[in-house]
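Engineer: Each chain, written out:
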Amino acid sequence: MAAFPQTRASLLLRLRDSRDEAAWREFVELYAPLVYGYARRRGLQDADAADLCQDVLTAVAGSLRRLDYDATRGAFRNWLFTIVRRKLADWLEANGKRAQGSGDSAMVELLSQCPAPQGQESEWEQEWEARVFSWACEQVRCEVSYTTWHAFWCTGFQGQPGKQVAAELGLSVAAVYLARSRVLARLKELVQSVQGP
Amino acid sequence: MPEMVDCPWRECCQVLLDVSFPPEQRELYERHVESCRNCQDHLDRTNLCGEAWQQLAQRTGDPTLQPTDPTLVQVVRRLVAGDPVKERARWSWLPALVLLVALGTGIAFQLAGGGNDPAGKVETATEYHEYHLPLRGRPDNLPGMKLVGPDADKCVRFEPAGLRITLPPGFEGSRPQVGLSTGLALKGDFEVIVSFEVLKLPEPADAGPSTPLTLWVWRTKPDRCITGVSRRVAVDAGDQFSAWATWFDPAGNQVDHKGETLPTTATAGRLRLVRVGGELSYYASEAPNAEFILLNQLSIGEQDLDDVRLIAFTSSPRATLDARFSDLHIRMGSLPPVSAFPKKPQARGWLVIAAVGVVFLLLFGLALFPRRRRFRAEVPTGTPQQGP
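From first to last, the protein sequence lines are chains A and B.
Per this note's numbering, the first sequence starts with residue 1, numbered consecutively.
Per this note's numbering, the second sequence starts with residue 198, numbered consecutively.
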């Protein structure tokens, strides 16, 4: 297996060093899909969501380097959500002026969704958890073979008996259970590494 | 090693759930669990993943099989390629401004009709190219196209429904690939998608080692690498999708092969290859409008690929194949900036005016900037600036 990645706390610290390209890459790969997906679900077109995503990550990285984020004052995910919402509001305001002028009903409807209702925070929490889970799965999938991953997923999440999966994949029964244990341990390790305070 | 008489299911679970046990201590339990239904039941019932993850997995499905949004891939790639914060800190605005002016002028020239699209190219933005070849009838915009393989003129036909490849039985041994060589080279990042329709495939017993229809690409320099994604039938594995790559040395000897397969019953669907950086992702869908399934990901390098082919072959005299390809989409080259993505159709005239306007404003700003700097420098520190 690959070396254990840096913890998220140290990732945020590492991001302060503009020469640490690996930290920047890890940061983008983890958070860009989260921000992009959130923007898409708020109704932005893909290109607009991509622009917003770039704005947000640039702003976050800049803030981290200026030491604006203080981990003792709250979870990183909440701070990130604040920036996402502010950038989204800016975008909606800029585009809303055009929309009101043109009577674009879709844009007016989009505007009506901002400011965020109460439910958006829990929605963000859910998307955060889903993103971290997906990211960890993607990392582990790159580290193990297809059969190991498939054995894990079928027995871990689909409830298939180990013996059946072993027969399908041409593995021993013990190998299937070990695959499940190993992949799960690694997943937990990765998720733990990115869980904020 | 002694056999176990009583079922030690607790120890067995502990050993097989705790990955820190040394292999030599696990061996006995590994052998035991192969035939012990009791231990298997206990291990199956042990919910290691927890309720929260179970629900998450139910909601998201296997994340590694989710189709990737191309726009997201591009924005990630662009962000990773250049840390924008770092770029800003370099005070590199002047070259960027000059480049922008040049680009604006170029865009205005293109929009005004100054550029002609080469045959087959339907969209360009910087070095980004996109092709759509319906293959419904003979393409007239593929100058490098050729049919390949034995009896290709009989076996390969352009029909209104698509490119049809019909391979009759009776070919002894392994039939060389038969189909269409597009003559299109792939450079940089790319995405290739083609629809397929199976009209007839052999029974596994007749298929030989492999009877596939394949979206196939290759390169000969600096090494020889052949790769592709197939819908195939194999004698020992039945109906499958196969995603594979094979490397050869200069003498033509195979030096490496990597592949993954997925059982399928699909008779129509799509095959897809996506390269980002040096990583090639292989996908297939089990219906024309179904979501793509990620089959494999391999590092094949960033080198250019020489050709895209739609081919089929047989490897048994009893094997026969009849299939169609249609709607070949290719996107490749330097990825376009996101702002260049089409959002809404707009009139060209406005774009021309806007581009010329941008160029004019930038030039005006460039001319004004040194004066403003000089003016500010002349104002003594602490002196309030007066309005006009």
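A portion of the hints provided could be inaccurate.
Said to hold, decoys possible - Across the chosen pairs, the derived CB separations fall in these ranges: (1) B:PRO264 / A:ALA89: 24 to 32 Å; (2) A:GLU21 / B:PRO401: 45 to 53 Å; (3) A:VAL191 / B:ALA484: 30 to 38 Å; (4) A:SER122 / B:ALA484: 29 to 37 Å; (5) A:ALA89 / B:GLN500: 39 to 47 Å; (6) A:SER18 / B:LYS455: 46 to 54 Å.
Read the hints as simulated data drawn from the structure, not as lab findings.
Glycine included, each C-beta is placed from N, C-alpha and C at the ideal position.
Engineer: Taking the hints in turn, state whether each one holds.
Structural biologist: Each hint, compared with the structure:
1. B:PRO264 / A:ALA89: 24 to 32 Å: 30 Å, holds
2. A:GLU21 / B:PRO401: 45 to 53 Å: 49 Å, holds
3. A:VAL191 / B:ALA484: 30 to 38 Å: Between VAL191 of chain A and ALA484 of chain B, where Cβ atoms are some 34 Å apart, the hint holds.
4. A:SER122 / B:ALA484: 29 to 37 Å: The hint (29 to 37 Å, Cβ to Cβ) holds, given that SER122 of chain A and ALA484 of chain B are roughly 35 Å apart.
5. A:ALA89 / B:GLN500: 39 to 47 Å: At roughly 45 Å between Cβ atoms, GLN500 of chain B and ALA89 of chain A fall inside 39 to 47 Å, so the hint holds.
6. A:SER18 / B:LYS455: 46 to 54 Å: Since SER18 of chain A and LYS455 of chain B have Cβ atoms about 37 Å apart, the given range 46 to 54 Å is violated.
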